[in-house]
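Taken in sequence, the protein lines are chains A and B.
Each residue of the first sequence is one higher than the one before, counting from 70 in our numbering.
Each residue of the second sequence is one higher than the one before, counting from 247 in our numbering.
FYI, nobody ran anything at the bench for these hints, they're computed from the structure.
All clues given are correct.
Keeping only pairs whose Cα atoms sit at most 27 Å apart, straight-line, the calculated BS3-like set for lysine-lysine is:
hint	chain 1	residue 1	chain 2	residue 2
1	A	K147	B	K486
2	A	K344	B	K272
3	A	K269	B	K446
4	B	K272	A	K105
5	B	K446	A	K272
6	B	K312	B	K272
Note that this is a predicted model, so its numbers are computed, not measured.
Each chain, letter by letter, is given below.
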Amino acid sequence: MLAVHLPGLDLKNPVMPASGCFAFGAEYGNLYDLNKLGAIIIKAATLEPRFGNPTPRVAETPCGMLNAIGLQNPGVDKIISNELTRLAGYDVPIIANIAGSEMSDYVETAEKMSLNPVVKALELNISCPNVRHGGITFGTVPEIAAELTERVKAVSKKPVYVKLSPNVTDITAMAQAVEEAGADGLSMINTLLGMRIDIKTQKPILANKTGGLSGPAIKPVAIRMIYEVSQKVRIPIIGMGGIQSADDVIEYFLAGASAVAVGTANFADPFVCPKIIDDLPEKLKAMHVTDINELVGRSWKACAKKNESSLR
Amino acid sequence: MIQEDMLITGQRSLADQIFELKLRGKLAANVSEPGQFVHIRVNGQSGSVAPILRRPISICSRDRAKEEITLIFRSGGLGTDLLKEAEPGERLDVLGPLGHGFPVRDIHDMKKAVVIGGGVGVPPLYGLSAELVKKGVSVLSILGFRSAKDVFYKKEFEELGETVIMTEDGTSGIRGRVTDVLDGMDFDVAYACGPLPMLKAVQRKVSDRPLYISMEQRMGCGIGACLACVVHTTDQNDSKGYRRVCSDGPVFRAGEVELC
Ligand SMILES: Cc1cc2nc3c(=O)[nH]c(=O)nc-3n(C[C@H](O)[C@H](O)[C@H](O)COP(=O)(O)OP(=O)(O)OC[C@H]3O[C@@H](n4cnc5c(N)ncnc54)[C@H](O)[C@@H]3O)c2cc1C
Ligand SMILES: Cc1cc2nc3c(=O)[nH]c(=O)nc-3n(C[C@H](O)[C@H](O)[C@H](O)COP(=O)(O)O)c2cc1C
Ligand code: FES
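Model the full assembly from the supplied sequences, consistent with the hints where possible.
In structure tokens form, the structure reads like this:
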């Protein structure tokens, strides 16, 4: 009922924690059995260790939050030797999120990660809004995103999902460019660039000034983008942005997603992923759906069907 | 660490905007050190999405027999304003106990301790003092507040040992800051919790004896996964170069992390 098959990923269910919200699983693994998850998207890896941005790194917003962690991570080599070795003990596919400042960084990091047997797919983070000179330009210019995708595809031993930035005027142009360049799938969406100002200090709350907006506040934006993109590409989409419940997951599938990731909601409820997975079967039953894959894109497919029949 | 809908057994006002909250549940049994904290979801009975982030609040004390923890918090923001409305009999979604508190297990030769608190940094020091007294350590408490209307737990601390109340405007106790009275005091170990400028001043004064400080930082997950709450280590050669306030702290040995 919940099983989903995507390039490189045979998932027992379509629910996975989103990159950066789950580190490498050790902390949440103390709370519940990680084998319950469809997959785990681990924290962004860069070629060299990164300390990230100064604090404060998070700020709350109405129905959401801003973060400017700045891709803090111990570097790809340490992730492979420490974190992936531990994760190898689980029966859950790992998706490795890859980031960098130069194209060559991405390529080298991606190659190293893709060689590891624990890693079943890569997620190319061309969209982190918190790194200067970095990710962001890759994520906003279709030609550059396409070139990066092509170069990573050339070295990667595993399927490559490209994580798109919502901070663009034409998301379908981005999606089509990376599809043409060989992407096996898409991840949508990363955070929206935002800011909060403290009215007492009259300064931005985040030390980085700007940060990425996530949580329920961005869900309608993600749904709209997936609705548009899924009608224009043939590759599957992992949907994310504000998911907190089984109903949200169903909404993402209806929009055109083939799997989903949960980020910010883990902070409000650390058990949210297993809870959603437990809730889904009943929700589907109530909808008379026997296979969650039936729902993919139904919001626009049903609409297309209706038009067809009325024409006949 | 567990997540539990704890029963609210009491809530009362202690001072201006300061509230004492008592919670009962299994979580209480898991508290291992004074200075640990809980991460509270305060959307309350409404079940609304906002506020989206949990609020970190120190465990002030724990009553093992009653399966109860006591928290003291200052209201004045979205989450804490909702928290002060919570009524006995209701339940509250609590994650904890979290982090590492003040080390009290191996305090062999320590005879005299001084605890130094400022504002809502005072609460965890109460549980700490009680624990130290139980171990036969004599405790001197120096508690700083802005003004008389902000003072709380004076009597409770006095029952544990000598207590010096300081206010910035002199309306209660001694006028001045906690560091003004530290000079020449006789103690073997010091513990501090309060605003960053206070911690820095205390660290400058107490450089010759062991000092433990409890840090604050804005948090996301509260359990070590999101890296929202990191502080730099002072040791440049440290293998990680950072500590997470939520899971490596909030209590650190003075000098382990940078105060900035
Ligand atoms: C380990 C630890 C222990 C704490 N113990 C206590 C305590 O015992 N009593 C007490 O009154 N306060 C304590 N605090 C501070 C308390 O967490 C904040 O006052 C509270 O989160 C503010 O929430 P709000 O809803 O009032 O404010 P809002 O302005 O609505 O908060 C917005 C966001 O900023 C965060 N935030 C704001 N101020 C702080 C702060 N000073 N520290 C950390 N996050 C902050 C909030 O958690 C929230 O995510 C502690 C903080 C930490 C990190
Ligand atoms: C604290 C935090 C850290 C994040 N770190 C990363 C990251 O390292 N790489 C990445 O591709 N996305 C990162 N993201 C974005 C999320 O993976 C996700 O795309 C986004 O938050 C939207 O989902 P949500 O609303 O469920 O959180 C991060 C988000 C948050 C809140
Ligand atoms: S709050 Fe998430 S790591 Fe500390």
